[in-house]
Amino acid sequence: MYFETFTELWQMAGHGPFVWSSYAITYLVWFLLIMVPIRQLSRQKRRIRARCEALSQREVNDGDAS
Amino acid sequence: MAWTWFHRLGSPPWIYAFAGRLLRFLLPLTLLLLLVGSIWGLAFSPPDFRQGNSYRIIYIHVPVSVVSLAGYYVMAIAGAVSLIWRLKVADIAMRVAAPIGAGLTFLALVTGAIWGKPTWGTWWVWDARITSMVVLLFLYLGVYALYEAYDNKALASKACAILALVGTVNIPIIYKSVDWWYSLHQPASIKFTGGTTIDPSMLYPLLLMIVAVYALYVCLILLGLRAALLESENKTKWVQQEVME
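Those sequence lines, one after another, are chains A and B.
Sequential numbering from 1 applies to the first sequence in the numbering used here.
Sequential numbering from 1 applies to the second sequence in the numbering used here.
Since the hints were made in silico from the structure, they are not lab data.
There may be inaccurate statements among the hints.
As the list claims (entries may be wrong) - Below, computed lysine-lysine pairings styled on DSS-like, alpha-carbon distance capped at 27 Å:
1) B/LYS235 with A/LYS45
2) A/LYS45 with B/LYS153
3) B/LYS237 with B/LYS88
4) B/LYS88 with A/LYS45
5) A/LYS45 with B/LYS237
Sequences and hints are given; from them, build the entire structure.
In structure tokens form, the structure reads like this:
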């Protein structure tokens, strides 16, 4: 490691707040960009599955009635 | 036979399955590359003799800037393919690329502003490079907003594709802005022709981060494609089979 201690790494001779905030914002945006489609996909899957199950249940009920 | 791959690219079930298979190893690999590149740049590369440690922002600022520009071409090419061949997958890819590109351009602007404060003494200047990057952000947001604004989605796709294609004129302006106008922004440190003005100890982690952010871009497009394909094809048999498995 270039820095002697973790405190030096954190402070970066006064540039720490600039460097660490840049990385924090970047990783936060990357995290959101990854999570939004993943959550969207699982929400869609749940909705489609519920619709398919409701449809097959209705078919069973219609079969019983006839 | 040689064109089979091209026809496959137009098939939503094939793209959905292919993207899923690719993501299974590409996403963990990308996260690993990002982690290694960030730690290398933050803790192991030496400080710049003039800028000190603030230059370490380069390891995110340059990769997100480069990929935000390349991403615009991806969006414009997808728009052109959707306009010419009416491929549904291309239309979806164009729509998916807009918010991803906007996110990366936003990061390029924010990390640039944070880097500007200790280096230039100011968060912001309206110089050619920065202003043309703001235009890029508005182009990405414009494509996204334009699609949402139309009720007729076929018309919306055409309008978005045209806007994306017209906007490509901004990309060479961004690339050349530091050469064409007097600018606070430094010229490119990595050059394909001529000498690269960056020491290998700083260059290698930077190249690693550029590769990692390109890989991240591919992952984001694939994730977005899968979510959007499932939504737009939700009444088809293949989606129902896929979900009920």
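Against the structure, the hints come out as follows:
1. B/LYS235 with A/LYS45: Cα-Cα ~12 Å, so holds.
2. A/LYS45 with B/LYS153: Since the Cα atoms of A/LYS45 and B/LYS153 sit roughly 23 Å apart, the hinted pair holds (cutoff 27 Å).
3. B/LYS237 with B/LYS88: Judged against 27 Å, a Cα distance of about 17 Å means the pair holds.
4. B/LYS88 with A/LYS45: This hinted pair holds, its Cα atoms lying about 20 Å apart.
5. A/LYS45 with B/LYS237: 14 Å, holds
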